[in-house]
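Enquirer: These protein sequence lines are chains P and Y, in that order. The first sequence lines up with residues 1 to 359 when you count with the numbering used here. The second sequence lines up with residues 1001 to 1359 when you count with the numbering used here.
These are computed hints drawn from the structure, not numbers from a lab. Bear in mind the structure is a predicted one, so any value in this text is a computation, not a measurement. Cβ coordinates follow ideal geometry from the N, Cα and C atoms, glycine included. Some hints here could point you the wrong way.
Stated by the list, open to error - Below, a sample of chain P positions facing chain Y; criterion: calculated Cβ distance under 10 angstroms:
hint, residue
1, Ser119
2, Ser151
3, Glu238
Stated by the list, open to error - Non-contacting residues of chain Y with respect to chain P, defined by C-beta distances greater than 12 angstroms in every case (computed):
hint, residue
4, Ser1061
5, Arg1181
6, Glu1203
Protein chains: 2
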Amino acid sequence: MRTFRVELGPQSHPVHVGAGILDQLGALARDAGVGPTRIAIITDSCVGKLYATRAIASLHSAGFVAQLIEVPAGETSKSIETLSTVYDRMAAAEIERGGAVFALGGGVVGDLAGFVAASWLRGIALVQIPTTLTAQVDSALGGKTGINLSSAKNLVGAFYQPRAIVADIETLKTLPDREFREGLAEVIKYAAILDAPMISDLERDLPRILARDPAALELMVERSLRHKSQVVAADPHEGGLRKILNFGHTVGHALEATSGYGKYLHGEAVAIGMIVATRLSEKHAGLNTEEGSRLCTLIERAGLPTRLPDSHLGANLAAALRLDKKRAGSHIEFILIDRLGHALTHKIEIEALVSEIGW
Amino acid sequence: MRTFRVELGPQSHPVHVGAGILDQLGALARDAGVGPTRIAIITDSCVGKLYATRAIASLHSAGFVAQLIEVPAGETSKSIETLSTVYDRMAAAEIERGGAVFALGGGVVGDLAGFVAASWLRGIALVQIPTTLTAQVDSALGGKTGINLSSAKNLVGAFYQPRAIVADIETLKTLPDREFREGLAEVIKYAAILDAPMISDLERDLPRILARDPAALELMVERSLRHKSQVVAADPHEGGLRKILNFGHTVGHALEATSGYGKYLHGEAVAIGMIVATRLSEKHAGLNTEEGSRLCTLIERAGLPTRLPDSHLGANLAAALRLDKKRAGSHIEFILIDRLGHALTHKIEIEALVSEIGW
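Just chain P, with the same shape it has in the complex (with noise of 0.2 angstroms):
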């Protein structure tokens, strides 16, 4: 098990990385100052058949009462729909001040039981276990929490920081295929904005990682978290800094919005995306082509995709960059790297950046 600390002052907490470590779940959360207490699991369909027992089990070992709160699988849960559902059950297992949330699953579950741990009662004790690779690199470390409206994604929450992160690689062994790629999207995303060597380093661990070696997986995912928390703990509530882990964002989000939310993966999405700003990047930033080569090559052996279906149609994606909200009046401002492992922000005027890139 590799564990570091998130600094964030008084919200400062552990995360732990380790094959098998939701058994010592229990035990990790009272080292976190966590209970034992009463205190809720909130899960998935999906999620909760396939570690709900285990979890459980760690967490009356350590003395824990333990009440399962299971939402339907899928995007659709991040709904207040579901919020209100999930608050009925809270109320009816008695989650007092002094319990906690457990959001056991991947960025869903995180998303929308972070949002009732930190409106419960004003805010109660959090633990995020995430089971996805994108949970585990990205979603569950950084305090970002919330649901969606029908009218767009994320509009309402809180950022609330968890007491602990406990990332167990081992939930990465019964995660499908296409979900396992989404989330090396976000490992590569960080390698290129942060971290050159890394990029060799995945150019020579990929076979590893596809194969999920757990030694390869404990590895990559820690280091992708380190960078994320130095990243959040420089900037907790994105005001700036923290900018730069949107790299491949701005049009992964408007192909996301423009496909229909389901169609693309978020993390495919954002290949296409890093893709997308990595040709920006050569044009406006000075990123040599070589460099820029070697990344996409990276992302196309992630088996991610590198391209718009030739079905899309452009001018939707287009007017949906116009809505974008990090535009500026007639500008939109993306991220860039003009090197591996470094990024820097830079408005495009959109009108010129639609025709820049084909659309």
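Given chain P, put chain Y in place with the hints provided.
Expert: Leaving out everything else, chain Y in the frame of chain P:
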């Protein structure tokens, strides 16, 4: 206009109390660092009719673009259903990260709109414009926001401080008599727990206060808010000291819960709770009976109820006390006073309590 600051470190903010200052709302918000920008005014169907036009005019003249979001008047609007409706209207109004929520109304609007501000885009600026006496002397200050579930009140919420509080004394003129008197319960509470000379001043000024003399009201509201602000500044998240603000509230909450919400206004239930707490203070905390009688007389002179109606089932109330969240095992932690102006906490055994106060 009287102005002071609530000292909460980076969340410090000004409080303005005065007659007619609704017309300065836009300028006061700008002075507090809010906008001018696109903002939402959340209000209810009663208060909106009376004051929204003036609030909007003041905001417009200061450069704001204001969208009005009106919810039905009454406690039922502190629900997840109304919250969901408000979120949809926030999306339609395109309130962005740099935007703000202005809460124009009483405690229900302040709690609901405060939680909207806390959770919209993970937190945007909030200005409280309390228009009832209860909201002006109590609920608008302190950062408690939230909604009710069908199972219990205030289970969901956030601690979220406003950027400014603008309490226009003139709005109290239109308040129904019963709601005005309700607010006096909280005023008397501050005197009882923190400020003995304020008891004498209230005894002297009560006729002018009940006649809603603006000068008397301005003085009383400011004095109450200063007391609350000092308690909140010392304990923003209700870790200890802030508990003293619950004087009269343990029995008050139980009374509200068992009589069916709506039968007693909150302040009326607190008034009865203060009478009980005063009796318990004489018995358990050495409060001298003359001081106890002065306090009870003041509550009565304010036109507040001082006893349970005969028809009320004491057994239900006892059961509700047994469920109180401040319960620790078989004891309830009560806030008592050992003399006028000085509070302390005291644990009382529930069964002894029930027999003592004769239910």
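Enquirer: Now, for every hint given, state plainly whether the structure supports it.
Expert: The hints, checked one at a time:
1. Proximity of Ser119/P to chain Y holds as hinted, the smallest CB-CB distance being about 5 angstroms (cut-off 10 angstroms).
2. With 10 angstroms as the threshold, the beta carbon of Ser151/P comes within range of chain Y, its nearest partner Cβ sitting at about 4 angstroms, so the hint holds.
3. Using the Cβ-Cβ criterion of 10 angstroms, the hint placing Glu238/P at the interface with chain Y is satisfied: the shortest such distance is roughly 8 angstroms.
4. With a minimum CB-CB distance of about 25 angstroms to chain P, Ser1061/Y clears the 12 angstroms threshold, and the non-interface call stands.
5. The claim that Arg1181/Y lies off the interface holds: its Cβ sits roughly 29 angstroms from the closest Cβ of chain P, which is beyond the 12 angstroms cut-off.
6. With a least CB separation of 36 angstroms from chain P, Glu1203/Y remains clear of the 12 angstroms interface cut-off, as annotated.
The structure is consistent with each of the numbered hints, conforming to all of them.
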